[in-house]
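Heads up: the sequence lines are chains A and B, in that order.
Residue 358 in the working numbering is what sits at position 358 of the first sequence, and the numbering runs on without skipping anything.
Residue 192 in the working numbering is what sits at position 192 of the second sequence, and the numbering runs on without skipping anything.
Think of the hints as simulated: they come from the structure by calculation, not from any bench.
Hints may be right or wrong, so weigh each one.
Intra- or inter-copy, both count: the list cannot distinguish identical chains.
As the list claims (entries may be wrong) - Below 30 angstroms or equal to it, Euclidean Cα-Cα: the simulated DSBU-like pairs (lysine-lysine) are:
(1) 14 with 373
(2) 280 with 14
(3) 8 with 196
(4) 135 with 194
(5) 211 with 373
Okay, here's what each chain looks like letter by letter:
Protein chains: 2
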Amino acid sequence: MELEFISKLKKQSKSKIVLLVIDGLGGLPLQPNGLTELESAKIPNLDSLASKGICGLQQPVGVGITPGSGPGHLSLFGYDPIKYQVGRGVLAALGINFDLREQDVAARGNFCSIDENGMILDRRAGRISTDENNKLCSILQEIKIPGVNIFIEPLKEHRFLLVLRGENLSSDISDTDPQDIGVKPFESNPMTPKSKKTSDYIKRFIDESSKILQDHYPANMILLRGFSQKPKWPSFQENFGLKSAAIASYPMYRGISRLLGMNIIEVGNTIDKEFIELEKYWNEFDFFYIHIKGSDSAGEDGDFNRKVNVIEEVDKYIPKLLDLNPNVIIVTGDHSTPALLKYHSWHPVPVLFWSKYCRSDKLNHFGERDCVKGSLGPHFPAIDLMPLALAHAKRLKKFGA
Amino acid sequence: MELEFISKLKKQSKSKIVLLVIDGLGGLPLQPNGLTELESAKIPNLDSLASKGICGLQQPVGVGITPGSGPGHLSLFGYDPIKYQVGRGVLAALGINFDLREQDVAARGNFCSIDENGMILDRRAGRISTDENNKLCSILQEIKIPGVNIFIEPLKEHRFLLVLRGENLSSDISDTDPQDIGVKPFESNPMTPKSKKTSDYIKRFIDESSKILQDHYPANMILLRGFSQKPKWPSFQENFGLKSAAIASYPMYRGISRLLGMNIIEVGNTIDKEFIELEKYWNEFDFFYIHIKGSDSAGEDGDFNRKVNVIEEVDKYIPKLLDLNPNVIIVTGDHSTPALLKYHSWHPVPVLFWSKYCRSDKLNHFGERDCVKGSLGPHFPAIDLMPLALAHAKRLKKFGA
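Kindly produce the complete structure, drawing on both the sequences and the hints.
Right, here's the structure in full:
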């Protein structure tokens with residue numbers, strides 16, 4: 001359904017909706033006839049919830065499309081990710097509370113390793129420590145280019161944020177990150193005539209950085225991607241009438257939540273802390289988005305068992321969640337990250353939807369192949385989860401007389 | 001997904017995709033509680049492939065829509081058949097390597113039988129031989145109309161191609177083939193003011209033809225349909241980055257492949273020869289479209305058992321296909337042709353999709369009712385098969401950061 005259509009039907013209620021995103025939840029068997037990560041996990045509480053709710057596989061963007069974390073989350077939040085596109089740079093800025101202004105151009109940076117011929121050896125510079133990152137960013141902060149202000153902010157490990165602030169900047173410039181190794185970083189080229197100036201600033205900044213970093217192997221070069229400017233979108237509250245809280249430990253996910261005007265709850269790195277915050281803020285909000293990062297990281301590392309363990313750990317918190325007496329619970333991922341592939345994938349994502357008004361599917365287990373048989377079907381559009389949640393939370397008026 | 005959207009995400013790979021189209025694959029039971037043609041067939045190799053892959057029923061155009069071969073194939077090739085419409089005339093021209101030019105108007109012709117009152121007795125003139133057709137076409141080639149060049153090319157049996165070449169021609173004129181018997185052929189009328197001239201040429205040509213043919217019963221009249229001009233579409237390779245080969249013995253299917261810029265492999269009339277060509281050209285292409293005609297012809301003849309036999313024959317070639325080590329295999333039809341109905345039908349078409357990155361459905365049999373339980377679901381849009389194939393062949397980039 002169109003966001004504008006849903007928005008017109010919204011009504012107030014005291015009901016509460018919880019969206020629990022287990023990042024990269026969907027998986028694949030390691031052997032053709034084996035079980036996926038979720039199918040292997042011992043998750044008695046999720047299984048029990050699945051038996052009382054309705055299940056399916058959701059499609060974050062569309063068939064065959066591998067979503068980045070941005071599009072994957074936007075669709076869960078009810079925003080069509082093809083219509084609402086945002087660059088990685090803006091997301092990174094929002095995630096660290098950077099005061100991004102209207103004209104600013106933001107980019108996501110990586111420290112990387114190159115060889116003597118300039119070929120990329122490691123796109124993440126061996127995942128240097130955040131401490132090392134902090135030091136390198138302070139060095140880069142010394143770079144001055146006439147006509148523009150440059151901000152460099154360290155993120156986690158090898159990641160940083162670059163922001164240009166000045167007159168007549170444009171984000172229509174190409175990535176320098178080739179997303180591959182064994183090749184040189186790309187030049188950042190203007191994609192429109194008016195972005196030539198910005199592209200020149202970036203070229204100059206990269207030249208200076210590469211000189212400064214040359215003796216800092218493994219972090220002897222930088223890669224930039226996702227040049228972007230802050231979009232102006234209707235907020236989550238305007239659209240759905242929900243006072244919302246985002247409980248997410250990683251900047252990226254706080255970033256996208258802030259873009260929709262959600263309230264950001266500061267949390268530590270453990271699942272336990274996230275559920276403590278959920279309980280603490282329970283009375284203050286209508287909608288809670290809880291983000292679990294470990295499952296995706298395990299998948300990206302190709303660690304099947306660790307991904308299983310993260311899912312099993314999440315399962316332990318389900319009784320605590322139920323004790324809070326929510327009206328709607330959605331458990332899903334923003335995309336699949338099979339340990340077999342070590343990367344985001346296009347496979348549809350298991351989804352468990354519970355409210356006391358479900359025609360329960362009575363499935364025995366929350367797993368990919370079980371979800372095929374669920375009443376949400378094998379290709380449920382992720383953007384329809386919000387309208388479904390609002391309906392079950394009695395937050396949508398009847399359409400038509 | 002939109003073709004343009006998919007196209008932007010394409011990336012190169014050495015992977016290979018095979019699309020095996022068993023024309024008119026979907027069927028119906030002869031008795032209400034019986035089995036369909038596919039369900040009756042002994043197809044151990046396809047069954048085994050189905051158990052390792054994912055299955056479903058695909059919708060070539062939309063619910064309730066009976067597709068012609070053109071739309072049925074376009075959707076399998078990832079082109080929305082409602083957006084990308086092509087007339088039968090153009091397809092016929094492409095299928096025989098006719099050098100159709102930009103301004104030309106092409107139509108598909110049938111020799112037909114009419115009675116003394118001009119009522120159609122047989123739309124196919126008793127399926128006259130191709131030899132007889134050749135003779136009749138040379139007679140029609142004698143017709144001269146001032147202001148326009150007329151080309152008549154025999155196709156198989158009762159079919160021929162008519163092409164008008166001249167200034168300011170338009171294909172917006174109506175069919176003369178009523179697609180029914182016991183009625184007179186229609187007049188070809190202009191559908192826009194600028195097509196009046198073309199419609200006049202056609203009326204004159206039909207008058208002349210009917211005089212010339214009056215003593216050639218059963219081929220004593222002609223029917224024309226699918227007036228059309230060559231469309232300008234982005235090619236299959238531009239869209240998907242695939243170097244593609246079409247292995248099809250019938251002109252119609254070579255025609256549609258050529259329209260998308262596929263490379264046409266000349267083959268004989270047997271399935272065996274098609275698979276020999278597949279092996280021969282295996283290293284030269286990324287994408288192979290193999291077309292099996294016999295299943296549709298059997299369905300149109302109402303020959304249930306012959307259709308079963310054709311499907312069983314195809315099954316024998318699956319091991320040979322697997323020996324080539326493709327990355328993705330799709331087995332489906334361009335539409336259903338139940339022997340019970342003796343014609344194309346609107347029923348969704350069984351589809352078997354295999355790659356080593358499938359969450360296998362573990363179905364026991366590749367058949368219509370089994371496919372309902374598959375993870376592609378009972379209404380999988382045929383145009384989403386190409387994005388799905390590209391994803392599994394690792395030929396699509398991630399969308400968004």
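Point to revise | Contradicted hints - numbers only | key: 1, 4 and 5
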